[in-house]
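Work out the full structure: start from the sequences and follow the hints.
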Amino acid sequence: MRINMRDMHDNQAGTVASIKVSGELGRRIRDMGLVPGTEIKIQGRAPLYDPVALRVRGATLTLRNTEADYIEVEVE
Amino acid sequence: MAPTVALAGNPNSGKTTLFNELTGSRQHVGNYPGVTVEKKEGTYVRDGYRLHIVDLPGTYSLTAYSLEEVVARDFLVNQKPEVVINIVDASNLDRNLYLAVQFLEMGIPICIALNMMDVAKKRGISIDAKKLSSLLGVPVIPTVARSGRGKKELMESTVQIIHENHEMAPLKISYGADIDQALSEMENEIAAGNFLTDIYQAHWIALKYMENDEQILTLGKDVNPALAKKLEDAVRKVSHHLQSTLDTYPEAMIADQRYGYIKSILKQGVIHHKYDQNRLYISDRIDKVLTNRFLGPLIMLAVIAGLYHFTFTYSEVPVSWLESFFKWLGSAVSVILPDGLLKSLIISGIINGVGGVLGFVPLIMFMFLGIAILEDSGYLARVAFMLDRVFRMFGLHGSSVMAFIVSGGIAGGCAVPGVMATRTLKSPRERLATLLTLPFMNCGAKLPVFAMLIAAFFSKYEAVIMFMITIGSWAGALLVAKLLRITVIKGAATPFVMELPPYRMPTFKGLAIHAWERTWQYIKKAGTVILGLSIVLWAMMTFPGLPDQKLQEYEKLKQAEMNRVPVAVIQQLEDAGENADLSNEAQSLKGRLQRIDAKAAEAGLRYSIAGRIGTSLEGISRWAGFDWRTNIALIGGIAAKEVVVSTLGTAYSLGKVDLEEIGSLSETLAQDPNWSPLVALGLIIFTMFYSPCFVAVICISRESGSWKWGAFAMAFNTALAFGLAALSFQFGSAFGLLVK
Chain A
104 MRINMRDMHD NQAGTVASIK VSGELGRRIR DMGLVPGTEI KIQGRAPLYD PVALRVRGAT
164 LTLRNTEADY IEVEVE
Chain B
22 MAPTVALAGN PNSGKTTLFN ELTGSRQHVG NYPGVTVEKK EGTYVRDGYR LHIVDLPGTY
82 SLTAYSLEEV VARDFLVNQK PEVVINIVDA SNLDRNLYLA VQFLEMGIPI CIALNMMDVA
142 KKRGISIDAK KLSSLLGVPV IPTVARSGRG KKELMESTVQ IIHENHEMAP LKISYGADID
202 QALSEMENEI AAGNFLTDIY QAHWIALKYM ENDEQILTLG KDVNPALAKK LEDAVRKVSH
262 HLQSTLDTYP EAMIADQRYG YIKSILKQGV IHHKYDQNRL YISDRIDKVL TNRFLGPLIM
322 LAVIAGLYHF TFTYSEVPVS WLESFFKWLG SAVSVILPDG LLKSLIISGI INGVGGVLGF
382 VPLIMFMFLG IAILEDSGYL ARVAFMLDRV FRMFGLHGSS VMAFIVSGGI AGGCAVPGVM
442 ATRTLKSPRE RLATLLTLPF MNCGAKLPVF AMLIAAFFSK YEAVIMFMIT IGSWAGALLV
502 AKLLRITVIK GAATPFVMEL PPYRMPTFKG LAIHAWERTW QYIKKAGTVI LGLSIVLWAM
562 MTFPGLPDQK LQEYEKLKQA EMNRVPVAVI QQLEDAGENA DLSNEAQSLK GRLQRIDAKA
622 AEAGLRYSIA GRIGTSLEGI SRWAGFDWRT NIALIGGIAA KEVVVSTLGT AYSLGKVDLE
682 EIGSLSETLA QDPNWSPLVA LGLIIFTMFY SPCFVAVICI SRESGSWKWG AFAMAFNTAL
742 AFGLAALSFQ FGSAFGLLVK
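Those protein sequence lines, which keep their order, are chains A and B.
Counting in the numbering used here, the first sequence runs from 104 upward without gaps.
Counting in the numbering used here, the second sequence runs from 22 upward without gaps.
Since the hints were made in silico from the structure, they are not lab data.
There may be inaccurate statements among the hints.
Stated by the list, open to error - Under the rule of at most 30 Å between Cα atoms (straight-line distance), these lysine-lysine pairs were calculated in the DSS-like manner: (1) B:Lys-620 <-> B:Lys-348; (2) A:Lys-123 <-> B:Lys-511; (3) B:Lys-173 <-> B:Lys-530; (4) A:Lys-144 <-> B:Lys-511.
Predicted model only: the values in this text are computed from it and were never measured.
Encoded structure:
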């Protein structure tokens, strides 16, 4: 099932399916290692539920929800 | 000339630690030409060879989006370092190699430092460095920068590359059939047209066109518009094709293939994971507590309060040493020099002005040390993470918070280290908005003004008023930031995508270098400019002196006082030292004479240029209830906010008012018919928001890269402050609020 990264709950794991943004934001997302096929796991959210923290390639990344909107994740 | 070696790598890969390890104290910090990105250079000496080491800014990639990347790339292209040491975090290998692949694509000779091998080992990651080296075709040396392990081998390998001086062929990986074909056609055109090939390799130029690299695109248009257009058309064609068939962009495709290339290399037995890569480590468990929904914010408040406590408690003693030193220097000079202009210039102009700035040094050093601990340990990134949601509403960034707090977000900071704390902010627009609004915070120098006014008019509500001042300055700063972000600094929010680095114990060496470097920059910036400005300010408040006739009148008054007492009393007063016991008569004569001197000083101040400016501004300042005395004090406050109280003291004929003894000034103002709680409120509001002091203005100008922003901060803040003060005064007067 494909869902938006924003809709993932804490500790949910999945595989990045696509990143629907180009330009600076798209580039930043890719530079941090988020490309299709990458396994990710939601680690948690900030006290105000935004940004979101996730595990990628053994590191922790943070994204705002508005940025996570561009990332589609394949989950079980 | 010693060969140049550049250090490059991702942020948090241990690059700075390695740089400190290699160069020790033989390093200095400057800026890259024209930009505010720090440039650290140093020398590595060993066994008779010297290497010039340059620490490039930490980057994840070599595109041209961020200033750091442009700076790093320009350095590589223009300075052509003999070798680039690429520091790679072994515990996070695949993402770190993304940058290495881009160096290889550029055809730059690199040597990989496989750093943090200890962390990788703890995480159950084993890496075959030899295999990685043979697959990538470059030396790979395992290192632990913190302990210096592998440093020797790394430098031997680096020196060997310099000696061999091989021409590196750029790495060509397959980005998919469509892109590959277009790239090779473009490459031929570029080579045939000698298009920028004197600077870059043809393959790389083609690749950058494919990636829509703004810097190369602009450069291309300047050099050969016709060919540039042809290349752009070719890219557009591929892009269109990719979007319609695969729903992707060439730049995304290229990134995917780079990661694919890295994966294919690592899969050949280079890396072995004992555990699941995304399992949680100690650092993550700490995060479960420190960024917890309820505990996180509480702990953050405690940490920030702790930082303040640490800074102000431990800097108090050295600050008082410096203060007494300058006081001693002042009195020593006053004994040596005869009364007159020179003495006044040296004491009031130079020693007080420079002393005022240097007196802050210990405070600033401790503050930087505290921030360096938070930064190097990784906690600062968590603060940004937790607060981003709030700050984003006002067009700022989670990382803005530290700058605000240091500037006086909890009353008693200083805008100068606050300005420098914005360096941790990587988003240019958010950074500028932060720079321009942080002077609204209540720095330590504004506090005596508030304390004096509160004591005079609001002594019953001290805590409430202080709290309201703090809240008011935050509200003002955030609202103005929002205003700026929808007007002069318009633009979309910079992406927040960032890394939360694992918690690390900061190294003492790293902290010491970090804190000292920033402190030294403060001393240099503040020390030179403030000297000139304090002389100017002194001159404005001294010249023109009172006409002789006036001076003689005061002299006559003093003579008259002296004639009224027996000669013996005068004799006693003249013979007595500073603190000698005096008879009652002599004591009272001394007091009367001092009052006349103070009257003369008041008249002199009013007669000076500053006094005349203050008087001529009365027409406008009356809207906010300020008379000429307040005006002069506020003008002086632009040099340094500490001056406000002491200048008011002179203007009210109190002689010198020390910051510690503001009681007499409070009493005078409370009894003065021109003053009321309403006027005091207006002055509090004005002091909160008006022009930053000179040192802060200079720092803002330097950090924003333009004097325009420094001037903007002075003009805009003063206008805003006056508007608010006038509004409150007019409103209060109309309704008869807060009057006596």
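How the hints compare with the structure:
For a cut-off of 30 Å, the pair hint linking Lys-620 of chain B to Lys-348 of chain B stands: about 24 Å separates their Cα positions. A distance of roughly 25 Å separates the Cα atoms of Lys-123 of chain A and Lys-511 of chain B; the hinted pair therefore holds under the 30 Å criterion. Straight-line distance between C-alpha atoms of Lys-173 of chain B and Lys-530 of chain B comes to about 19 Å, which keeps the hinted pair within the 30 Å bound. The suggested pairing of Lys-144 of chain A with Lys-511 of chain B is violated, with an alpha-carbon distance near 35 Å, which exceeds 30 Å.
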